[in-house]
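Protein sequence lines, in the order shown, are assigned to chains G and X.
Mapping the first sequence onto the numbering used here, position 67 (from 1) lands on 117, and the numbers just tick up by one.
Mapping the second sequence onto the numbering used here, position 334 (from 1) lands on 341, and the numbers just tick up by one.
Keep in mind that a hint or two might mislead.
[What the hints assert, rightly or not] Cβ-to-Cβ under 8 Å is the rule here; a few derived chain X residues that face chain G: (1) D272; (2) D274; (3) L602; (4) Y604.
[As the list claims (entries may be wrong)] Stretch by stretch, here's where chain X covers chain G in the computed footprint (C-beta under 8 Å, at least three residues): (5) 97-108; (6) 112-119; (7) 142-149.
These are computed hints drawn from the structure, not numbers from a lab.
Since the model is a prediction, treat every value here as computed from it, not as a measurement.
Virtual Cβ for every residue (Gly too), placed ideally from N, Cα, C.
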Amino acid sequence: MEKDYEVKKEGSVLTVTLGNKLVAINAPALTDELAAYKDQDIEKVVFDATNLIILSSSGIRTIMYCKQKLGASPEIVFVNCKKMVLDVLDLVGLRPFITFKER
Amino acid sequence: MTTYLFNNIFLWGLSIDAWITIATVMAVIGVMLFTKVRTDAIMLIAIGVLFALGVLDAKEMCSGFSAGTVVVTGVLGVVMAGLRYTGVLQWMLKHVFGLPDRYPTALLRMMVPVSMLSAFLSNTMLTMLFSNVLKRWSRKLNIAPSKLYLPMMYAVQMGGVLTLIGTSTNIIVADYYGTATGKTMNMFSILVPGALCLFVGILFIIAVRRWLPDRKSPEEAFETAFDYTVELRVPSDNPNICKTLGEAGLFHVKGGNLIDIHHFDHDPSVLSEDEFIMGGDRLLYTGQIDEILELKETHNLVVSDHHVRSMNEINKNYELRIAFVNFYSKLIGKTIGDSSIERDNNMVLVAVARRGRRIEAPPREVELQAGDTLLFECPRKTNTYAKHLTSQLQFSDFQEVVKIGPNAIVSSLIMTAMMILTALNVVSLLHGTVLAALAMLLFRCCTINQAMDSVSWRSLMSLAGSIVLGTAIAKTGIAQMVALTVVDLVGTQPILVMLGVCLAAMLITQIVENVAVTAMFAPIMYQAAMQVGYEPAPFLLALMIAANASYATPIAASPNMLVYGPGGYRFTDYMRIGIPLTIIVTITGVAAVILAYPLVKL
């Protein structure tokens with residue numbers, strides 16, 4: 051599958067611009083790419099979810115990886131999160147771990 | 008002969024009404040055999056059809072509901088409630104069994120008192136009471152429950168034939184005899200043949216005791232390690248969310264193993280210590296039930312249900328209860344999630360076992376079968392004896408704690424007085440039971456509610472319907488036709504006629520409820536006796552024994568079904584001993600009736 055996300059690092063902030071889905075076919079590759087930033091003192095991971103409409107457990111695993119393994123519990127920020135994605139984050143209990151912003 | 012042949016050319020000598028009745032009876036048998044429709048409903052529909060098609064008039068249609076048989080059976084329920092709620096039965100059960108050291112002695116110690124009680128009490132109620140006693144007794148004696156439940160059921164069934172009030176079928180036959188001849192049968196008319204059958208039956212069971220399966224208790228599936236699975240769910244507010252299974256201590260757990268994890272969207276996941284925990288996860292464990300369920304407390308998990316629930320919904324007022332799937336349960340062939348039984352009763356299925364072995368699949372995905380052992384988590388106050396539950400499930404841990412007081416003596420005296428007065432024909436059976444029921448209420452041996460709950464209204468409806476079907480069979484000439492056919496087949500030798508009808512009733516009662524069989528065969532046996540010109544009483548007494556000999560299948564009678572789950576039996580277990588026992592009891596019964604009541608020509 052063609053890569054539909056983009057990862058940028060600016061200082062200690064990692065910005066991930068997501069495509070319309072984060073599921074089993076692309077999430078493991080994103081996790082691998084993010085793993086390259088392990089031990090680089092990442093303090094914040096910003097997910098731009100403007101286009102995101104489908105989030106599966108594989109995608110959740112990627113977000114949890116960022117929170118737990120990428121650094122010393124970096125802040126997770128979701129930008130422009132749609133309701134359907136919010137519902138999934140609620141269901142899996144991840145909402146308290148995430149800061150939500152609108153742009 | 009010519010007339011007989013001529014009649015046979017036109018509808019084999021039967022009227023249209025008779026053929027409608029035959030079709031209805033066949034339909035009743037078919038629906039009983041192949042569907043799970045309740046018997047009382049089948050009977051009511053059948054008599055409705057016969058009335059609508061003009062086979063029965065209004066008076067005949069209602070005759071079953073006002074029959075003395077039905078009233079006596081219902082009122083006996085109140086008498087039994089008096090004995091039960093004053094603790095008489097429980098006292099007897101506790102003190103008569105003892106702790107015999109040999110299996111044959113244990114069988115004898117159990118079967119004799121059980122059959123004696125069954126002579127006066129409802130077979131179904133007695134089987135339910137004994138099921139719980141036997142469970143504990145089998146543990147004390149270290150004998151497999153499967154070695155005890157079938158003999159207990161046989162004892163209950165054989166004991167029921169000792170008196171007219173021991174079983175509904177005897178009451179039906181006696182009532183039919185009274186209606187047809189104007190004479191009454193004594194309560195102990197059947198005692199001698201019944202006792203001989205019981206004696207021979209008990210000896211036979213002890214002799215072939217090795218044929219009884221030696222199977223471990225179905226409940227052991229929940230007591231032995233690695234014999235079951237438990238599914239736990241992660242609520243959305245679980246504090247371990249975002250941790251891995253290893254970090255949260257949910258991968259290697261005390262007393263069991265995690266065997267599978269399902270995330271909320273069923274996306275494939277690899278079971279490893281590094282897998283993240285998400286809200287909505289279903290964790291499938293195998294191991295010791297108590298240890299695994301401790302994870303609920305230590306890791307804030309919930310027993311799996313339809314929805315992800317917050318821990319706030321779970322409190323400590325829950326307990327684990329074991330139940331068996333009834334033979335005619337609507338749950339058969341479905342998963343628990345297909346029914347509303349959990350939601351309706353606020354209970355949750357935790358684990359499933361089948362014939363003492365764990366079911367590997369998640370419990371909520373198991374297609375249930377009759378006799379399956381289910382472990383539920385339910386509120387402590389759940390009335391597992393409620394009728395809406397007992398029609399689907401049989402809870403094994405039902406216990407009645409009854410304080411024995413002075414009323415126990417009162418209720419025993421009432422019962423004894425009833426038996427003596429009816430046996431000596433001082434009062435009729437109907438009068439005797441009504442007076443005893445009133446006395447039980449008057450002396451507060453049971454409350455009005457307990458009395459009403461003890462009456463099996465569903466059974467009464469079935470009984471009433473069966474009687475009306477019997478009326479239709481007699482009225483339309485079917486009984487006479489069948490009787491003539493029997494005489495044609497076996498000749499006019501009365502013993503052969505008696506044996507022929509008894510064998511037919513015995514065969515059908517293995518697959519159809521014995522109350523229905525008795526109601527159908529009572530007029531046939533009466534007509535058969537009349538055809539050969541003999542007093543019908545001995546013939547009808549022989550029918551009582553044959554129609555009650557429903558030992559060969561689990562579906563033949565309620566007591567048979569009630570021991571299926573707790574005993575961990577298979578269908579063939581009933582046949583192995585039940586078929587020879589049925590034949591032996593029927594032949595002994597016929598022989599004993601002939602010896603006790605020599606046949607008299609009219």
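Status of each hint after checking the structure:
1. With a least beta-carbon distance of about 5 Å to chain G, the hint placing X:D272 at the interface is held under the 8 Å criterion.
2. Restraint check, X:D274 versus chain G: the minimum CB separation of about 5 Å is within 8 Å; hint holds.
3. Checking X:L602 against chain G by beta carbon gives a least distance of about 77 Å; that is not within 8 Å, so the hint is violated.
4. For X:Y604, the shortest C-beta to C-beta distance to chain G is roughly 76 Å, which exceeds 8 Å, and the interface hint is violated.
5. Here's how the segment 97-108 of chain G fares: 3 of its residues keep a CB closer than 8 Å to some CB of chain X, so the rule of at least three is met and the hint holds.
6. Evaluation of the coverage hint for the segment 112-119 of chain G: fulfilled, as 4 residues show C-beta separations to chain X shorter than 8 Å, against a requirement of three.
7. For the segment 142-149 of chain G, the assignment as covered by chain X holds, since 4 residues bring a beta-carbon within under 8 Å of that chain's beta-carbons and 3 suffice.
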